[in-house]
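Visitor: Sequence:
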Amino acid sequence: MNVKTVLILLALALATIFALVCVLLSRGRAPSICQHLPPEQEDTEDGQSLVFADLTPEEMVQVVRYLQGNLGVQLVDASRAKPSDNCIASVDLQVPAKAEVLRFLDGGGARPPREALAVLYFGNQADPNVTEYVVGPLPTPVSHRDVTVQKYGGKVPYHRRPVTGKEYMDINALIQRELKKAPRFLAACCESDGTDLAILTTAPRGFKSGDRTTWFVLFHNVAGTGYYLLPVGLEVLVEHRDLHVSRWQLHKVFYNGRYFASTRDLEQEFVAGTLEVVRLKKTPADEVLGSLRPRHPPDSPGPLHFEPQGPRYRVTDNRITFQGWSISFGMNPNSGPRLFDIRYRGERIVYELSLQEAIALYGSNCPGGMSTRYLDGSFGIGRFAYELVQGLDCPYTATYVDRHYLVESDTPKTNQNSLCIFEHDSALPLRRHFSDSQSFYYGGLRKNTLVIRTISTLINYDYIWDFMFHGSGAVEVRVHATGYISTSFLHGQGTDYGNKVGPHTLGTMHLHHMHYKVDLDVDGQLNSLETHDMEYELIKDPWSMQNTIERLHLHRETLEREDEAAFPLDAPMPRYVSFASRNLNKWGHPRSYRIQIVSFAGKHLPTSSSMERSISWGRYQLAVTRRKEEEPTSTSIYNQNDPWTPTVAFADFINNETITNEDLVAWISVGFLHIPHAEDVPNTVTVGNGVGFFLRPYNYFDEDPSVDSPDSVYLSSEQDSGACGANPLACLAPTAACAPRLLPFHYGGFLNL
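Under our numbering, think of the first position of the sequence shown as 2, with each following residue one higher.
Hints should not be assumed to be uniformly reliable.
[Stated by the list, open to error] Under the rule of at most 27 angstroms between Cα atoms (straight-line distance), these lysine-lysine pairs were calculated in the DSSO-like manner: (1) Lys-182 <-> Lys-83; (2) Lys-99 <-> Lys-152; (3) Lys-414 <-> Lys-501; (4) Lys-501 <-> Lys-156; (5) Lys-83 <-> Lys-253; (6) Lys-83 <-> Lys-282; (7) Lys-501 <-> Lys-282; (8) Lys-83 <-> Lys-156; (9) Lys-182 <-> Lys-167; (10) Lys-99 <-> Lys-181; (11) Lys-209 <-> Lys-167; (12) Lys-182 <-> Lys-283; (13) Lys-182 <-> Lys-99.
[Said to hold, decoys possible] Quick list of the computed label-pair ranges, beta carbon to beta carbon: (14) His-678 <-> Glu-704: 42 to 52 angstroms; (15) Thr-141 <-> Asp-78: 16 to 26 angstroms; (16) Asp-194 <-> Gly-154: 32 to 42 angstroms; (17) Asp-197 <-> Gln-36: 25 to 35 angstroms; (18) Gly-364 <-> Arg-296: 49 to 59 angstroms.
These aren't lab readings, by the way, just hints derived from the structure by calculation.
On a predicted model such as this, the values are computed, not experimentally measured, just so you know.
Every residue, glycine too, gets a C-beta built ideally from N, C-alpha and C.
Input sequences plus hints: build the corresponding full structure.
Guide: If you want it as structure tokens, here you go:
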């Protein structure tokens, strides 16, 4: 081998080594960071949505200052106010009248004045009561007006006010003093002196108007885990109606199936040896029933949701736009999420879509459980929507929004990152077809949905509230329940009311029912309610007249009065119920939106119940009424503590008025029966525990509007399916070959507790 050949081989070897090094280096190089592009859809709304915007903290402060200086009475900060004090209970947006808003949005009228609704507790006066004031205009209020009588037909009695945090603290102090009278019993039953027991309220508080007597259930409190699964068998009844805390009394004690007049009597029976005691041992936090601490170290991460070119939606103030959709969003501290002025392709579909109430009604053979009917709005569905965990509660790259509220304090509070917005790929086609005859092609569209989500933690339960907007023009509303079940101490025939889920724990059966207001404006304010359903008609076949056919027949009906449009919870209703416009689509049918309910609710409280009228919305899976400004909500925060004389009774809304070509509202109930079982420990899972409804276009368009989506895919045997210009899926490889922009994980959800 000559020198020339050696040099050539050496050069080739060096070139090969260089090429391999380049390949290895390129493989090890981190992908570039995804470059976010601005959404193509420009926002030309010019701040109109702010007419629905929640109050800012600065506006809340101004309202508080105005009230403190202009009511002529001393106001104590609600966080430390006694029942005998005057205080500001809450401040929220006063939503303007619909007619004023529409004149502004659609008719070029003046912007409605921005006002606040302030709720005050007046305990330091001859006639204690709850008063509601509208205060404005904001940002610098100069006047207020009392709207209590206008809204409710009279004053709101003081006993109807929700229980404040300060009142609970005073009750807990009373219970602790009473527990000290039974030291030997507590040491034997619970390895406790009482100070380490958690105390859980029930509601309502008595059996008749004016009562304020509440059962409180006691649990072992193990740090870092849910005490709700650890009842100790002890429950106490506290009377706390008197305005003077010193006069409150413990009226009754319950333990392991028996009732006692006082904790002292309970102690005496224990010392005498006549009390059967179940001796409970304290369990370490990592072994306790219901612990959520991970049992295994982290594994490889799962799939990650991200947008290679950034979000395709736009959030401006309180308004979201996405592929033809426009939504104004907000949060009521009591009733929770509320949406306004929902438009698709520039046309208003829904004026208001808001949660009204969520109830949980329990059964048990313990007094606390058997008497519990929680009306969560009185506790604060919106107020207790805390910070969301990025990457778990919502996609890591979702847009997170702070919510502000002023409740039981003179100072606004912020629940940061407590509402999220994201585009969701459901991994399911919205529509598709593969043609294998005549010509060969495939057409389809991914089911990508805009989601608005918030999650409320109401004592033990967590409710996930979703509002979803589809490319087909449909709106989907869904709620999932998770969190801890509420339990009773297992004794006697306890399993007649649930299942045993721990050594001494009864998972008590209960109902979850939720109520929504849907003010649909389908192609204008004036709509009628139409129902379509199927029937079979028996006919002779027309070509021979010798055979019979059971032919499907479409039955159409227009409902004319409210009584016809109130569909009982446990009765069948027409399969198609639609809000219909007088205007027709291209094919001669009324432009309509269909209401489709997905629910498996339990039985409603019997109408013979003395408190049923307070939740009478639960009688109906759907009720359609004429919209009235004086009927803004189906319930009231005052119904919880006086359900026997409800401040708002939804049943009164239905009075057989005509509903043809009127401004109508759909009131929708969804829910489910929950019989807790072993798999509800540690937490109830969301699988199978979701209910909701759809608002679907029904002849509203001339064709499916999603055909205009730029995400549509069409493949044929005559084209190059790998061409990026013709097939968006072929663009993914170069477009998504980047690393998502992930901010460092942060969670501050415990800061405001």
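Visitor: Run every hint past the structure and note whether it holds.
Guide: Structure-based check of all given hints:
1. Lys-182 <-> Lys-83: holds, 26 angstroms
2. Lys-99 <-> Lys-152: Holds: Lys-99 and Lys-152 sit about 16 angstroms apart, inside 27 angstroms.
3. Lys-414 <-> Lys-501: violated, 40 angstroms
4. Lys-501 <-> Lys-156: violated, 46 angstroms
5. Lys-83 <-> Lys-253: Given that 27 angstroms is the threshold and the Cα spacing comes to 24 angstroms, the pair holds.
6. Lys-83 <-> Lys-282: violated, 38 angstroms
7. Lys-501 <-> Lys-282: holds, 18 angstroms
8. Lys-83 <-> Lys-156: holds, 21 angstroms
9. Lys-182 <-> Lys-167: holds, 24 angstroms
10. Lys-99 <-> Lys-181: violated, 57 angstroms
11. Lys-209 <-> Lys-167: At roughly 24 angstroms apart (the allowed maximum being 27 angstroms), Lys-167 and Lys-209 satisfy the hint.
12. Lys-182 <-> Lys-283: holds, 22 angstroms
13. Lys-182 <-> Lys-99: Roughly 58 angstroms between the alpha carbons, so the hint for Lys-182 and Lys-99 is violated.
14. His-678 <-> Glu-704: 42 to 52 angstroms: holds, 47 angstroms
15. Thr-141 <-> Asp-78: 16 to 26 angstroms: The hinted range 16 to 26 angstroms holds for Thr-141 and Asp-78, with Cβ atoms some 22 angstroms apart.
16. Asp-194 <-> Gly-154: 32 to 42 angstroms: violated, 50 angstroms
17. Asp-197 <-> Gln-36: 25 to 35 angstroms: violated, 55 angstroms
18. Gly-364 <-> Arg-296: 49 to 59 angstroms: violated, 32 angstroms
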